[in-house]
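From first to last, the protein sequence lines are chains C and B.
Per the numbering used here, the very first residue in the first sequence carries number 116; after that it's consecutive.
Per the numbering used here, the very first residue in the second sequence carries number 404; after that it's consecutive.
One or more of the hints may lead you astray.
[Said to hold, decoys possible] To list a few chain C residues with every Cβ distance to chain B over 10 angstroms, as calculated:
1. Arg268
2. Asn301
3. Pro341
[Stated by the list, open to error] Residues from chain B shown here face chain C by an in silico Cβ test under 10 angstroms; the list is partial:
4. Asp419
5. Ala683
6. Ile688
7. Leu690
8. Gly694
9. Val701
10. Gly707
11. Leu709
For the record, the hints were derived by calculation from the structure and aren't laboratory data.
Since we're looking at a predicted model, the values are computed, not measured.
For glycine and all other residues, C-beta sits at the position ideal for the given N, C-alpha and C.
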Amino acid sequence: MLRLENVSLAMNHESGENKDILNNINIKFEPGKLYAVTGPNGGGKSSIAKVIMGIYKHTKGNIYFNDEEISQLNVTERAQRGIAYAFQQPPRFKGLRITDILKTAQPNMDSIGLRRHLRDVGLCPEDYLDRDMGPGLSGGEIKRIEIAQVLAREAKISIFDEPEAGVDLWTIQRLMGIIVNKYKQNQDSTAIIITHNERALPLCDEIIVIEDGAVKASGTPTEIWPLIKEEIECKKRLECRGEFGYEF
Amino acid sequence: MNFNDQDMKLLHAITDLDMIPAGAINIRRDGEAVIRVSSPNIKVYPKEDKPGLNVEVKPGTKNETVHVPVLVTKAGFHDKVYNTFIVGEDADVTIIAGCGIHNDSHSDSGHDGIHEIIVKKGARMRYVEKHYGEGKGRGKRLLNPTTVIRVESGAYAELEMIQIEGVDDTFRSTVAHVADKANLKVIERLLTHGEQSAVSEIDAYIEGQDGSAQILSRSVAKDKSSQVFKAGLIGKTECLGHVECDSIIMGNAVIKATPQLVAEDARAVLTHEAAIGKIAGEQLIKLMSLGLTEQQAVDTIIDGFLR
Ligand SMILES: Nc1ncnc2c1ncn2[C@@H]1O[C@H](COP(=O)(O)OP(=O)(O)OP(=O)(O)O)[C@@H](O)[C@H]1O
Ligand SMILES: [Mg+2]
Chain C
116 MLRLENVSLA MNHESGENKD ILNNINIKFE PGKLYAVTGP NGGGKSSIAK VIMGIYKHTK
176 GNIYFNDEEI SQLNVTERAQ RGIAYAFQQP PRFKGLRITD ILKTAQPNMD SIGLRRHLRD
236 VGLCPEDYLD RDMGPGLSGG EIKRIEIAQV LAREAKISIF DEPEAGVDLW TIQRLMGIIV
296 NKYKQNQDST AIIITHNERA LPLCDEIIVI EDGAVKASGT PTEIWPLIKE EIECKKRLEC
356 RGEFGYEF
Chain B
404 MNFNDQDMKL LHAITDLDMI PAGAINIRRD GEAVIRVSSP NIKVYPKEDK PGLNVEVKPG
464 TKNETVHVPV LVTKAGFHDK VYNTFIVGED ADVTIIAGCG IHNDSHSDSG HDGIHEIIVK
524 KGARMRYVEK HYGEGKGRGK RLLNPTTVIR VESGAYAELE MIQIEGVDDT FRSTVAHVAD
584 KANLKVIERL LTHGEQSAVS EIDAYIEGQD GSAQILSRSV AKDKSSQVFK AGLIGKTECL
644 GHVECDSIIM GNAVIKATPQ LVAEDARAVL THEAAIGKIA GEQLIKLMSL GLTEQQAVDT
704 IIDGFLR
């Protein structure tokens with residue numbers, strides 16, 4: 116379905132020097148599978164998503180989507196081909212209502228569909244459909260609406276960038292259930308979840324660990340678990356001691 | 404009544420009406436009243452000393468609407484009109500005003516509306532004024548409304564002033580006097596493009612104890628257009644006031660926004676927020692990732708912002 120071949124990304128850093136962000140990434144995403152992308156902060160996970168969506172233009176390599184080389188396509192064209200991306204930090208829109216943004220995501224959707232997608236992310240449609248996408252929504256609410264948009268798009272490839280960030284545990288568990296149901300074994304679609312969540316990781320078919328802009332490891336959860344277990348447990352201990360801040 | 408399609412189109416643009424509604428109404432076209440109807444509770448009659456209207460709402464009138472739109476369709480015609488609105492005690496009404504100009508010629512046409520609004524004790528009033536211009540000629544379409552409003556004790560007034568399209572030059576002046584426990588809300592929506600210029604000055608004097616005023620302006624300036632926005636709150640006693648000007652700037656446009664707070668009493672609480680910025684790249688990319696083209700994304704953001 117989607118193939119990254121020797122993809123590299125370099126970007127101008129604030130200091131002015133060119134910085135390598137991704138180095139020779141090779142990943143193949145198959146239909147009907149659920150992928151997790153994980154790894155330390157700043158490793159390059161979001162950059163991979165942005166390169167797939169066309170938000171960042173990779174500097175080397177090729178990206179194939181259903182055997183079409185899509186490197187030259189812009190964001191709109193990639194969206195129209197069937198790629199969707201739920202941002203790690205979604206923007207707000209003053210004056211646009213939640214209904215408007217969901218209808219933009221899926222123009223053919225009727226009100227039953229709209230409501231279902233809001234419920235999927237734990238928001239009560241009656242309370243939210245007419246609300247403004249501006250500063251009046253909380254961070255977690257914006258994040259959930261972002262996920263609802265991508266669910267609503269029914270895309271061939273759906274990328275969720277840290278869906279758990281700022282979202283309560285109950286909702287994220289329910290959401291993982293929905294994602295597993297919707298994408299696993301559905302031969303028309305693939306989902307990629309960028310996550311640090313130890314409950315989400317085992318539900319995926321394959322885990323890809325990204326570190327320093329490269330694929331450090333990839334395999335089934337059983338294969339990968341020993342590699343990342345230590346990191347996750349260490350994080351948990353620090354959390355308990357209150358030394359590990361929340362990520363935004 | 405001799406209304407053609409073009410008149411109806413203008414009327415629709417400024418009032419959303421598709422037909423002439425029941426109830427009190429006055430439609431002025433090229434300086435003459437083409438329709439004038441009073442209702443049992445709302446009296447609409449001409450001024451004797453100068454062009455214009457008096458609209459009087461009986462005390463206690465509830466949930467009625469009066470329409471007083473103005474159309475300018477004659478090339479080179481410049482209309483000037485004085486209107487007075489008096490909303491009686493404890494009434495609750497909506498006034499739909501507004502002006503539509505069609506000008507295909509090369510000479511300027513326009514409308515100067517001078518309005519006086521008095522909202523009596525305990526009354527509620529919503530006043531909606533939409534401005535719209537169209538036509539292919541080089542002649543300018545000019546609109547210069549001047550409004551003085553008095554919101555009496557315990558009354559509530561909402562002024563919604565919208566100019567979305569086709570007006571080349573506008574100078575708007577609004578002065579409000581807010582009495583004790585009275586509440587004023589001014590909402591302004593403005594879009595300019597091409598070489599259009601818009602100036603809006605609003606001064607709200609909060610004169611009575613526990614009075615409040617809010618001025619909320621959102622505007623978009625495209626191309627080479629220019630906007631000047633000046634909003635002043637003058638708190639003369641214990642009161643609350645807030646000004647918000649929020650603008651999107653595009654192309655080579657120029658926007659000048661000056662919120663001004665004047666407190667003449669230590670108990671006055673006055674605040675302001677002003678922001679001018681271009682459309683954020685993140686917003687465009689987000690909407691493009693939902694399948695919109697860049698232009699569609701820009702239009703969606705602007706339509707939402709000015710709603
Ligand atoms: N637009 C940009 N300009 C410059 N540097 C960037 C830009 N975007 C990302 N980077 C850099 O690229 C590296 C990878 O960032 P990326 O956002 O992909 O990390 P991540 O793995 O998603 O991290 P996190 O877990 O914190 O979300 C970081 O060092 C970051 O500073
Ligand atoms: Mg990231």
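Hints and how they fare:
1. With a least CB separation of 7 angstroms from chain B, Arg268/C falls inside the 10 angstroms interface cut-off, contrary to its annotation.
2. Distance check for Asn301/C against chain B: the nearest CB is about 21 angstroms away, which clears 10 angstroms, and the non-interface claim stands.
3. The Cβ of Pro341/C sits about 36 angstroms from the closest Cβ of chain B, beyond the 10 angstroms cut-off, so the non-interface label holds.
4. Contact between Asp419/B and chain C, as hinted, is not supported at the beta carbon level, the nearest pair being about 19 angstroms apart and thus beyond 10 angstroms.
5. The beta carbon of Ala683/B is positioned within 10 angstroms of a beta carbon in chain C (closest approach about 6 angstroms), and the interface hint is therefore held.
6. Interface hint at Ile688/B: satisfied, since its Cβ lies 6 angstroms from the closest Cβ of chain C, which is below the 10 angstroms cut-off.
7. Of the supplied interface hints, the one on Leu690/B holds, with its beta-carbon coming within about 6 angstroms of a beta-carbon of chain C, less than 10 angstroms.
8. Evaluation of the Gly694/B hint against chain C yields a held restraint, the C-beta minimum of about 4 angstroms falling below 10 angstroms.
9. With 10 angstroms as the threshold, the beta carbon of Val701/B stays out of range of chain C, its nearest partner Cβ sitting at about 12 angstroms, so the hint is violated.
10. Checking Gly707/B against chain C by beta carbon gives a least distance of about 4 angstroms; that is within 10 angstroms, so the hint holds.
11. About 7 angstroms separates the beta-carbon of Leu709/B from the nearest beta-carbon of chain C, less than 10 angstroms, and the hint is met.
Of the hints listed earlier, those the structure fails to meet are numbers 1, 4, 9, in rising order.
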